[in-house]
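Student: Spelled out from the first residue to the last, the chains are:
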Amino acid sequence: MATLPDGRTLPGKLIIVEGIDGSGKSTQLDLLRKWLIGEGYCVAFSEWNSSDIVRKVTRRGKKKELLTPLSFSLIHAADFSDRLERQMLPALKAGAIVLADRYVYTAFARDVARGLDRGYVRELYSFAIRPTIAFYFRVSLDESLKRILTGRPQLKYYEAGLDLDLSDDPYESFRLFQGMILEEYDAMVDEFDLTVIDATAPLLEQQDEVRKIVDPYLTNVLSAEHSAWREVLSQEGLHGRYLDSILPEQTEL
Amino acid sequence: MNPRKIENNQRAYYGYDLLARQAGKLNGRLIVLEGTDGVGRSSQIALLREWLENEGYAVATSGLKRSKLAGKGLSDAMGGHTLGDTTMNLLYATDFADRLEREILPALRAGFIMLTDRYIYSIIARALVRGTDPMWLRSVFSFALVPDIVFYLEADVPTLVSRVLSARGFDYWESGLDFMPGRDYYENFVGYQRRLIAQFDALADEYVFHRIDANRSMHDVFCDLKGAICEIIADMKPANAGEPEGCGDPGEPGEEPQQVEETGGDEAT
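Protein chains in written order, with this note's numbering: chain A, 1 to 253; chain B, 1 to 269.
Keep in mind that a hint or two might mislead.
Listed next, the stretches of chain A that the computed footprint assigns to chain B, with coverage defined by at least 3 CB atoms under 8 Å from CB atoms of chain B [to be verified]:
{"no.": "1", "segment": "41-49"}
{"no.": "2", "segment": "79-87"}
{"no.": "3", "segment": "110-120"}
{"no.": "4", "segment": "173-179"}
{"no.": "5", "segment": "202-210"}
Just so you know, the hints here were simulated from the structure itself, not pulled from any lab data.
Small disclaimer: the values here were computed from a predicted structure and weren't measured.
C-beta atoms are modelled at their ideal positions from N, C-alpha and C, and glycine is treated no differently.
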């Protein structure tokens, strides 16, 4: 059950994934999403830092390196609130499953690693809905760095925590920053009752475990007809050559 | 409800002193003008700035929605009328934090007199009118520096109506059309500004505003502001080292500091 801050429950189910970069959480969420859609459930999806209006400000701040730990925290809270108000809350009220790639725990981990007060950040996000299940894909720092830094990709300024002056070397800075974030995540497992998944296990084993945990919650969920055109095409012997232009909208939920 | 204040470096913050360490020692003065729409804040700031600069002080100004980071984003969002209340509040908070950290605190550190057109109180008042949780609002803005003085320019709704009409006419947000019932600009302006004034009155007691009757002429209001500011800056040295004009006898150093006069709200009409 997804729960509002005032204790009221919503008919929908809010399932979120958390973990440091390279934990494989987005892959797992994507697999879960495909499975749920295949089972005929109505599934909505929301991704960290993806609100259109707010993202313009964030992008500007990142590009010009204007963001401080405080304004970084506030603008991400604005992004979260916009998605909560427009994507997640309406879907949960309607009884759908909402999948969120990163949730408030990302802010709790990153903002505190950036030096903000733990209490302040928690109060800032006190309007958030409590998830039905919060998965935490736990992986060691070394393993995540191995996954991410193979091939020495270009690291972005804030992603590498370069705003914190931990080190002049982006890779060293990234290592130190990720380590601080990992510590915050680990400390939150008990505080927020996160469901820990061993992110070093084989991909499909992890997915099996995730589905087993999700399955009991799949009662009274709004259903949706997915890819209804498939049935028409096969029954009527059509090819659907004029469906191309509209299909992306239909598959995107 | 009293704002919990945290003292740091001889300066007070409204709760979490997230910025106190980086702020360091602040030698300037933070002077805030608050009040509803059409009350004449920006004209007074322009006049005060000129007066203070003529007296040899270094003056900087700031105002809502003017941050480099979020100012444009906020204006775009208001233009589109599409964001929810919590998101708007957080965008205002982002704009405010950016200006506090990158304009206001550095100017105060450098010894400027910082005149700001609205501070957290306007943001809090507009949010309270729209039904936002007061506790949440106070904690979001708890990193704010407590100003040296907050002037509350208060005017009756009929005064506001005539000033707004003769200046530029009613505006979507100033009429509260995002949440007020009906589409009537005039009715909603009156209703919305009344509610705002009620919130400002409550905030004035909570945060100890210095009330100024803004139903009077611009010149009368300016003279009141000047008088109170003189006390706030009495121990600052202007560049040309004279006493600011119109400040009168500042009193001997070591004398008890004069109390800033508090005018009761009922007497303000």
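Student: Take the hints in turn and mark each one as holding or not.
Tutor: Verification of the hints:
1. With 0 residues having a beta carbon nearer than 8 Å to a beta carbon of chain B, the segment 41-49 of chain A misses the requirement of three or more and the stated coverage is violated.
2. Counting residues of the segment 79-87 of chain A whose CB falls under 8 Å from any CB of chain B gives 5; the rule of at least 3 is met.
3. For the segment 110-120 of chain A, the stated coverage by chain B holds: 4 residues have a C-beta nearer than 8 Å to a C-beta of that chain, and at least 3 were required.
4. Counting residues of the segment 173-179 of chain A whose C-beta sits closer than 8 Å to any C-beta of chain B gives 0, which falls short of three, so the coverage hint is violated.
5. Chain B is given as covering the segment 202-210 of chain A, and this is violated because 0 residues of the stretch bring a CB closer than 8 Å to a CB of that chain, at least three being needed.
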